[in-house]
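Listed below, chain by chain, are the residues.
Protein chains: 6
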Amino acid sequence: MPFVRIELFPGRTREQKAAAAKAVTEALVNTLGGMGPQSVYITFWEMQREDCAVGGLLKDEPAAPSKGP
Amino acid sequence: MPFVRIELFPGRTREQKAAAAKAVTEALVNTLGGMGPQSVYITFWEMQREDCAVGGLLKDEPAAPSKGP
Amino acid sequence: MPFVRIELFPGRTREQKAAAAKAVTEALVNTLGGMGPQSVYITFWEMQREDCAVGGLLKDEPAAPSKGP
Amino acid sequence: MPFVRIELFPGRTREQKAAAAKAVTEALVNTLGGMGPQSVYITFWEMQREDCAVGGLLKDEPAAPSKGP
Amino acid sequence: MPFVRIELFPGRTREQKAAAAKAVTEALVNTLGGMGPQSVYITFWEMQREDCAVGGLLKDEPAAPSKGP
Amino acid sequence: MPFVRIELFPGRTREQKAAAAKAVTEALVNTLGGMGPQSVYITFWEMQREDCAVGGLLKDEPAAPSKGP
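Chains as they are written, first to last, in full-length UniProt numbering: chain W, 1 to 69; chain L, 1 to 69; chain Y, 1 to 69; chain X, 1 to 69; chain B, 1 to 69; chain E, 1 to 69.
Since the hints were derived computationally from the structure, they do not count as laboratory data.
Treat each hint with caution, since some may be false.
Repeated chains share a single entry, so a pair holds when one copy, or any two copies, can fit it.
[Claimed, not checked] Okay, derived cross-link-like pairs now, SDA-like style, lysine to any residue, Cα gap no bigger than 20 Å in a straight line:
1. Lys22 x Pro37
2. Lys22 x Met35
3. Lys22 x Gly33
4. Lys59 x Met1
5. Lys59 x Gln48
6. Lys22 x Lys59
7. Lys59 x Glu46
8. Lys59 x Glu26
9. Lys22 x Arg5
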């Protein structure tokens, strides 16, 4: 452990996800300590922009002027 | 924040999800307080009825008489 | 179904969460259609600001000037 | 409640998932106690091997010699 | 893989969770096939009744007469 | 977006989590492309070893000899 879940918009290639998995694993091993790469489990979950909303607007709509969180 | 994750059966239109995102954002801003709409992040995740079970029965099967949770 | 998962910072009262559950349930029933309130399952999960990061900064740190997503 | 979320690789039939839902429901009712089968909600979420990584390697790649977690 | 996430109300002992982990692992190995017990990863996440709602009512409130999903 | 969820055992300091958030954000920005750091949302969720099982054994028990996934 840790288990890492990454939810992202579609469009990345397999190689980009492979690079991300490698880089995130190294990042966690180097910062959290006490574990090796084999303890890091990563899953990618794609969501369409239509299935994500911020400020009540779906992300496939032009964003309202952002007033920040 | 908050992050809101909504898992639902397929079949809703984009407009229904847009309306749901707007309504849920307003509902949370009006009840939880201390934040504006831009702080509410919502994602929709569709699951087939075949991938959901209650009482040991998949939801694409006729439900056993419900004895309530 | 739907299952709704709400991840939020601590500090809300039980009454605020009760009001949020009621309001979100109504919001979903009124917009997604095809279901009654008894089909909406909501869970709240609190996370400390120290356990949430945006732009690489933990949310208990002063935010970098936001350039928006 | 409980809510059970099962993330797995694709390739199982509907009947395998139906059997898994039934068996997991019975397993939880028999071990956790204090609830009936109708209180157990299970969802299945499929992920491609390309979307899962252990030790920094995507699961559609030959695994590095496992040194265990 | 699979990754199994079990969200449940507090109050179970360590031994009940150990029994549940064993039984759920066996249930999945016997029904999904194509994997051994070492491929099954289970996590338990406790939620207070106050943090769970069905039909708009928090689960620490007397449930409204259930009309079923 | 992306939303990143990291489930890990307790025991890391705030500074370790701050370093992990920064490193994971950079890792994702550098590999997935098409976004800046402000689009990366990370949450940490701690679980006790008693609440995690592999191969049917809780992680606070001595692990059975690992035969690999």
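Hints, one by one, checked against the model:
In the homo-oligomer, the alpha carbons of Lys22 and Pro37 lie at most 20 Å apart both inside one protomer (9 Å) and across protomers (18 Å), since each shortest distance falls under that limit. When the C-alpha separation of Lys22 and Met35 is checked against a cutoff of 20 Å, the pair qualifies both within a copy, at 15 Å, and between copies, at 19 Å. Taking the shortest alpha-carbon separations for Lys22 and Gly33, both the intra-copy value of 16 Å and the inter-copy value of 15 Å come in at or below 20 Å. In this homomeric assembly, Lys59 and Met1 come within 20 Å of each other (Cα to Cα) only across copies, at 10 Å, whereas the closest approach inside a single copy is 32 Å.
Taking CA atoms no more than 20 Å apart as the test, Lys59 paired with Gln48 passes inside one copy only; the shortest distance there is 9 Å, against 23 Å between copies. Only between protomers do Lys22 and Lys59 lie at most 20 Å apart by alpha-carbon distance; the minimum there is 12 Å, versus 28 Å within a single protomer. In this assembly of identical chains, Lys59 and Glu46 lie within 20 Å of each other by CA distance both inside one copy and across copies; the values are 14 Å within and 17 Å between. Taking the closest pair of Cα atoms, Lys59 and Glu26 come within 20 Å of each other only across two copies (17 Å); inside a single copy the shortest separation is 31 Å, beyond that limit.
For the homomeric pair Lys22 and Arg5, the shortest alpha-carbon distances inside one copy (14 Å) and between copies (17 Å) are both at most 20 Å.
The structure meets every hint from the earlier list without exception.
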